[in-house]
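J.: The residues making up each chain are set out below.
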Amino acid sequence: MLRFILRRLVSAIPVLFGILLATFVLARIIPGDPCQAALQERATPEACADFNERYGFNDPIIVQFVHYAGDVFSGDLGDSIRLRQPVTDLLIERLPVTLQLSAAALFIAVVVGVPLGVLAGSRHNSKTDVATVVGANLGVSIPVFVLGLILQYIFAKQLAGTFLALPASGQLTAGVIPDPFYEVWGLPENPVFQFISNIDTVNAILIWRWDIFWDAVRHLILPAIALSTIAMAVIARMTRSSLLDVLGLDYVRTARAKGLRERLVIGRHALRNSMLPVVTVIGLSLGTLLGGAILTETIFNITGVGKTLFDAISGRDYFVIQGFTLVVAVAFVIINLLTDILYGVLDPKVRVG
Amino acid sequence: MAIEEIPLSEAKVVEAAPGRRERGLWRDAMRETFRKRSARLGVAILGLLVFIAVFAPLLAPYGELEVLISSEGLRPRAEPCIHVSVEWIPEVPVLKQAKSFLESNGFSCPSDQPQHLMGLDGNGRDEFSRVLYGARVSLVAGVAAVSFAVLIGTFAGLVSGFIGGRFDNGVMRVMDVMLAFPALLLAIAIVTARGPGLFNAVIAVSIVTIPVYARVVRSRVISVREQDFVTADMALGVRRRRILSHRVLPNSLTPLVVLATLGIATAVLELAALSFVGLGGDPDRAEWGRMLALERNQLFTSPHLVFYPGLFIMLNVLAFNLIGDGLRDALDPRLNK
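Going down the list, the protein sequences come from chains A and B.
Position 321 (the first sequence) corresponds to 321 in this note's numbering; numbering is contiguous.
To convert, count from 1 in the second sequence and add 1000; that's this note's numbering.
Hints may be right or wrong, so weigh each one.
With a straight-line Cα cutoff of 30 angstroms, these simulated DSS-like cross-link-like pairs (lysine-lysine) come out [what the hints assert, rightly or not]:
| # | chain 1 | residue 1 | chain 2 | residue 2 |
| --- | --- | --- | --- | --- |
| 1 | A | 258 | B | 1036 |
| 2 | B | 1099 | A | 157 |
| 3 | A | 349 | A | 258 |
| 4 | B | 1096 | A | 157 |
| 5 | A | 258 | A | 127 |
Which stretches of chain A does chain B cover? Using the computed rule of at least three CB atoms under 8 angstroms from a CB of chain B, they are [as the list claims (entries may be wrong)]:
| # | region |
| --- | --- |
| 6 | 3-9 |
| 7 | 12-20 |
| 8 | 150-159 |
| 9 | 184-197 |
| 10 | 289-300 |
Hints in this document: simulated from the structure, not taken from any laboratory.
We treat Cβ as the ideally placed atom computed from N, Cα and C, and that holds for glycine.
Chain A with its partners taken away, still in its complex shape (with noise of 0.2 angstroms):
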C-alpha cells in the first residue's frame, strides 16, 4: 500500500514542474507591457525601467525563471502590480470563498446526483429511470453561465418579494462585516486563521452569529446550485450505469436467489460495489468544478479565485496570474492523486496493476 502511494506521489513530481514552467511560460506570452498596465498614464520611459529593474524584467529568461521557482519554493508568489499586496495574501482572502462555493457545489451534487443514480439504476427502464437520464443529459448540456443567468431571473427578479427571494449577486449583505472569529476570542493573527476566518459560513458559525450565517448561505445557494448541475448530471449517470453493471453480476444472482430483498441487495451487495467509479467521477468533477467557478464567480460577482484570476488576465497583472493559476493547477493534481490513492485503497486490484 505504501509502496503504492509513494510511487504515485513520485509520478506527480515532473507533472508539478511542468506546471511551474507552464505558469511562468503563459504569464510572460500573454502580450502587453506589465509597466504600461500598472502604471497607465503615469508609464514614463524612466519610471518604466526603474519597474522593469524592480521586478526583475530585465533579466535574462532564464535567471527570472530560477528566481521565480526559488521563491515559489520558499512560499514567495511576488507581489500584484496592481493590487500592491502579496499575492499570498491575496490568495488567503480569495481561495476560501471559491473553496466554499466548490464545496458547497460538490455537496449538493453528490447528496442529489448519488440518491438519484441509485434510485434510476434500481428501477431500470422505470419512469423514474427515464427522467433521470432525460435530466442528466439536458444537465450537462446548459451552460453554467445561461443556468446561472436563469436562476438569477427567477429567483432574484421573478420571486423577488416573496419568502423564495434570493440575493442575485456578492458574498454577503452590503454592509454586514464580520468580525474574524480570531478577534472574538481574542486569538492572535495568523494566515491559517485567516484563511479561515474568510470561509463566510464558518466563521459565522465560530462567532455565532446565525443571522450572518444564514445570510451567507442564502448569497451561496444560486451559485452554488448553477455551478453543481454538471457534475451532479455526471455523477447520477455514473451512479446509474455502474450500478447497472454490478446488478448484471453473478454474486447479485446469488444474493436475489438466496431471497434477500431488494432493499438489501442493493444497499448491501450492489451499491459497494459500484461506488468505485462513482469515486472517481467526483475527484474529476472537483477539477470541472474549479473551471467553472471562474464563470459563475462572473456572474454573481464572488471575488473568488475565479474572478481574480480573470481580473488579473485582463489587466496583466503578471504576479497574480502565474501565482493563482499555479495554486489551481496544483490543487487539481493534488486531487487527482487523492482520488487515485483512495481508488487503490477501495480497490486493491489497482494496487498492484
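Fit chain B to the known structure of chain A by using the hints.
T.: Using the frame of chain A, we list chain B on its own:
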C-alpha cells in the same frame, strides 16, 4: 531443415476480406444508435440546427447585422412581438397564467406593429434573425475545434505510442501538464495570449482538448502493437507508416468517433463560455455566446435577449451529447448483449 526464404520485396501484406468486417461494424453501430429514442432526438435537433444554419438567409426575416431602429421607429431591446393571438384561451385559473405568460412573451401583438419573434437586441437588430444566423458560427466553430484537436491528438498519440521510450514519456508528460489545468482556464490564457476573437477561441479550445485524443489513441496503439497481426506485419517488413495507417488507426477509430462527438458538445460549451467572458466571438457575426454576454446586464429588463441565445447553445450541446451517448452505447462491445 531448410526453410525457403522469401525475399522481402516479394512479401505481400494480405488484406483481410476487403473492409467487410468494418462496414458491418459501422452499419450495425448506425442501426443500433438509431434504435435509441434519445439518439434519434439528438439527430433531429442537429438536423434542425444544420437546416437553420444552411438556410438562415432564407428563413431570417432580417439580416444578421441589419439595424432596424431608425427605419421602423423601434427602440433597442424592444419586447418580442408575435402576431399569433392567444385571445381565444379561456380565463380559467391555470390557463390564465399560461396566457399571461404567452402575452408577456410577445403573443397577441397587434398586427399593425412589425413582427419580431424574439424582440430586438441592444443595437436594434432583430434577435430572431440573429439567433438563426448564430447557428452557422456555433456549428462550424465547434466542429472545426474538434477536428483540429482530433487530427493533432491522433497524430501525437500514434507516433508517441509507436515510437515509445523516452519520446513517448516526454510527450505524455506534456499532455499530463496540459490536463492539470482546468480546460477553461487554459483556454482563457491561450486566447488572452493570442488576442481575443473567434478564430483564436477555436484554436484555444482545440489545443486544450488535444491531450484527450492523444491519450486514447496512444493507449489503443500500445494494445494493438502487441497483437499478432501487427507482429506478423513487422516480421514481413511492412513499413511502420503502413502499419500505423492500416492496422493501428482503424482499430482506434471507434473510441475516437465517440469521444469526438461528445467533444463537440464540450467545445461548443467552452466556445460559448469564452465568448461570455468577452474573449471569443466576432463583432461582424451573430454568435450565441457573445449575444448573451452583451445583454447579460439587461437580464432583469430584457430577459428574452439572454434566454433565446442560451436556449440555442443548450440545444446545440444537447444534440451532440445525445448522439455521442448513442454512439458509445452502440460501439462499446461491453454493452452489446
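J.: Check each numbered hint against the structure and report the violated ones by number, ascending.
T.: 1, 6 and 9
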